[in-house]
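Novice: The primary structure of each chain is shown beneath.
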Amino acid sequence: MTTEEIAQLIQEHVNVEVEVNTKQPQHEIIVKNVDIEKVCRFLKSDNRLMFDNLSCLTGIDNGPKANTMEVVYNLYSITKSFRLTLKVMLDRETPLLPSVTSVWKAANWHEREAYDLVGMTFENHQDLRRILSPDDWEGHPLQKDYKEQEKYHGITVKYERD
Amino acid sequence: MKGLMDQRFGQGEIVISKVDDLINWARLSSFWPLGFGLACCAIEMITTWSSAYDLDRFGVIPRGTPRQSDAMIISGTVTFKMADRVRRLYEQMAEPRYVISMGSCSNCGGPYWEHGYNVVKGVDRIIPVDVYVPGCPPRPEALIGGILKLREEIRKETLMAPKAVERLLKKQKA
Chain A
12 MTTEEIAQLI QEHVNVEVEV NTKQPQHEII VKNVDIEKVC RFLKSDNRLM
62 FDNLSCLTGI DNGPKANTME VVYNLYSITK SFRLTLKVML DRETPLLPSV
112 TSVWKAANWH EREAYDLVGM TFENHQDLRR ILSPDDWEGH PLQKDYKEQE
162 KYHGITVKYE RD
Chain B
1429 MKGLMDQRFG QGEIVISKVD DLINWARLSS FWPLGFGLAC CAIEMITTWS
1479 SAYDLDRFGV IPRGTPRQSD AMIISGTVTF KMADRVRRLY EQMAEPRYVI
1529 SMGSCSNCGG PYWEHGYNVV KGVDRIIPVD VYVPGCPPRP EALIGGILKL
1579 REEIRKETLM APKAVERLLK KQKA
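Residue numbers (our numbering), protein chains in the order written: chain A, 12 to 173; chain B, 1429 to 1602.
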């Protein structure tokens, strides 16, 4: 099934507006942030699609100039052998979107990673803590304008050249 | 050449030695590091204990708890998240305690020295280091070299502070 056909199915059944981007070799469906959980639940439960595997969930920061962030969902249907890329565009000032942990348990750690490194907040995530950095680390390291802190627990972070 | 202990003892003989020598000899021949590894260097460290390199022949035996260990081999990248744990383990160790920093990451941050916001740029920023083993990662031979170097350092140690001896001698003369 092509990405356009899947987008058509989503629009018919979930009753939300989606956008299809086929310019790049990897086709993608762009979903509004408030709709993502609904769309994912449909993609998983529909008998024609059965996207039962969330292969990857990644956060991307486009920087203060573009002023957007993205969350990319790579889905795979084990039974039907379909692949699908979903994308949510976010405002960089308020990067909020619903969690999909209720759809795929695999999203739990992925969302924590996106939160830790890029800084988007997943609503209704049951345990949104940092996963790689220490709990008291300042800032989100993969943001384009990230400035590392000078000291951590009294240890200088930077390498000093003489 | 045979060592003192390899020679046959008769009956009733005594061995005279210095307390320093005896204690240093005991310390350096039963060097018990804490059994833990941090990154790729740990694989080389584990290999050093394998039958091919056989660290046991130096009396170097890993222990499962800091309270039974007198040494720490920092083998690999020390991240800030791990730094607190490393420091706590070091503080739990009984004295005298020795630290070998193994590999570039642990020595100075290694390849992460410029852009690794998460890496401690040298484990000597959190705990004192006795011997640095260079390499990325060092071969088991290099780690053995580091251990032999540390053994030499321990052999030179003394319980007597030279100042105290001087003071005693002065008193005697007076």
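Incorrect hints may have been included.
[Said to hold, decoys possible] DSSO-like cross-link-like pairs, simulated, lysine-lysine; straight-line CA separation at most 30 Å:
| id | chain 1 | residue 1 | chain 2 | residue 2 |
| --- | --- | --- | --- | --- |
| 1 | A | K76 | A | K91 |
| 2 | B | K1509 | A | K155 |
| 3 | A | K55 | A | K76 |
| 4 | A | K162 | B | K1509 |
| 5 | B | K1509 | A | K116 |
| 6 | A | K55 | A | K91 |
| 7 | A | K55 | A | K155 |
| 8 | A | K169 | B | K1509 |
| 9 | B | K1577 | A | K158 |
[What the hints assert, rightly or not] Under 10 Å between C-beta atoms, here's a sample of chain B residues computed to sit facing chain A:
| id | residue |
| --- | --- |
| 10 | Q1439 |
| 11 | G1465 |
| 12 | T1507 |
| 13 | K1509 |
| 14 | R1515 |
| 15 | W1541 |
| 16 | E1542 |
| 17 | G1550 |
[What the hints assert, rightly or not] Derived DEER-like restraints, expressed as beta-carbon distance ranges:
| id | chain 1 | residue 1 | chain 2 | residue 2 | range |
| --- | --- | --- | --- | --- | --- |
| 18 | A | V83 | B | K1577 | 30 to 40 Å |
| 19 | B | S1478 | A | V83 | 36 to 46 Å |
| 20 | B | T1475 | A | A117 | 30 to 40 Å |
These are computed hints drawn from the structure, not numbers from a lab. Only a predicted model underlies this, so the values are computations on that prediction, with no experimental measurement involved. Even for Gly, the Cβ is constructed at its ideal location relative to N, Cα and C.
Novice: Run every hint past the structure and note whether it holds.
Specialist: Status of the hints after comparison with the structure:
Among the hinted pairs, K76/A with K91/A is inconsistent with the structure: their alpha-carbon atoms are about 40 Å apart, more than 30 Å. Among the hinted pairs, K1509/B with K155/A is consistent with the structure: their alpha-carbon atoms are about 22 Å apart, no more than 30 Å. Proximity of K55/A to K76/A is assessed by CA-CA distance (about 35 Å); at most 30 Å being required, the pair is judged violated. Restraint check for K162/A and K1509/B: the C-alpha separation of about 13 Å stays at or below 30 Å, so the hint holds.
At most 30 Å may separate the alpha-carbon atoms for a hinted pair to count; K1509/B and K116/A meet this at roughly 26 Å. This hinted pair checks out: K55/A and K91/A have alpha carbons roughly 12 Å apart, not beyond 30 Å. Of the pairs offered as hints, the one joining K55/A and K155/A is violated, with about 33 Å between alpha carbons and a cut-off of 30 Å exceeded. A distance of roughly 15 Å separates the Cα atoms of K169/A and K1509/B; the hinted pair therefore holds under the 30 Å criterion.
Straight-line distance between C-alpha atoms of K1577/B and K158/A comes to about 41 Å, which puts the hinted pair past the 30 Å bound. Interface hint at Q1439/B: violated, since its Cβ lies 60 Å from the closest Cβ of chain A, which is beyond the 10 Å cut-off. Interface restraint check: G1465/B against chain A, minimum CB-CB distance 19 Å, threshold 10 Å, status violated. Interface restraint check: T1507/B against chain A, minimum CB-CB distance 9 Å, threshold 10 Å, status holds.
This hint holds: K1509/B has a C-beta 4 Å from the nearest C-beta of chain A, less than the 10 Å allowed. A cut of 10 Å between beta carbons decides the hint on R1515/B: the least distance to chain A is about 9 Å, and the hint holds. Hint status for W1541/B: holds, given a least beta-carbon distance of 4 Å to chain A, under 10 Å. The beta carbon of E1542/B comes within 7 Å of a beta carbon in chain A, closer than 10 Å, and the hint placing it at the interface holds.
Given hint, G1550/B at the interface with chain A, holds; its Cβ is 8 Å from that chain's nearest Cβ, closer than 10 Å. Taking 30 to 40 Å as the suggested C-beta distance range, the pair V83/A and K1577/B does not conform, at roughly 51 Å. In this structure the supplied range 36 to 46 Å holds for S1478/B paired with V83/A, their Cβ-Cβ distance being about 43 Å. A hinted range of 30 to 40 Å holds for the C-beta pair T1475/B and A117/A, which are about 35 Å apart.
Going down the numbered hints, you'll see the structure goes against 1, 3, 7, 9, 10, 11, 18, while the others check out.
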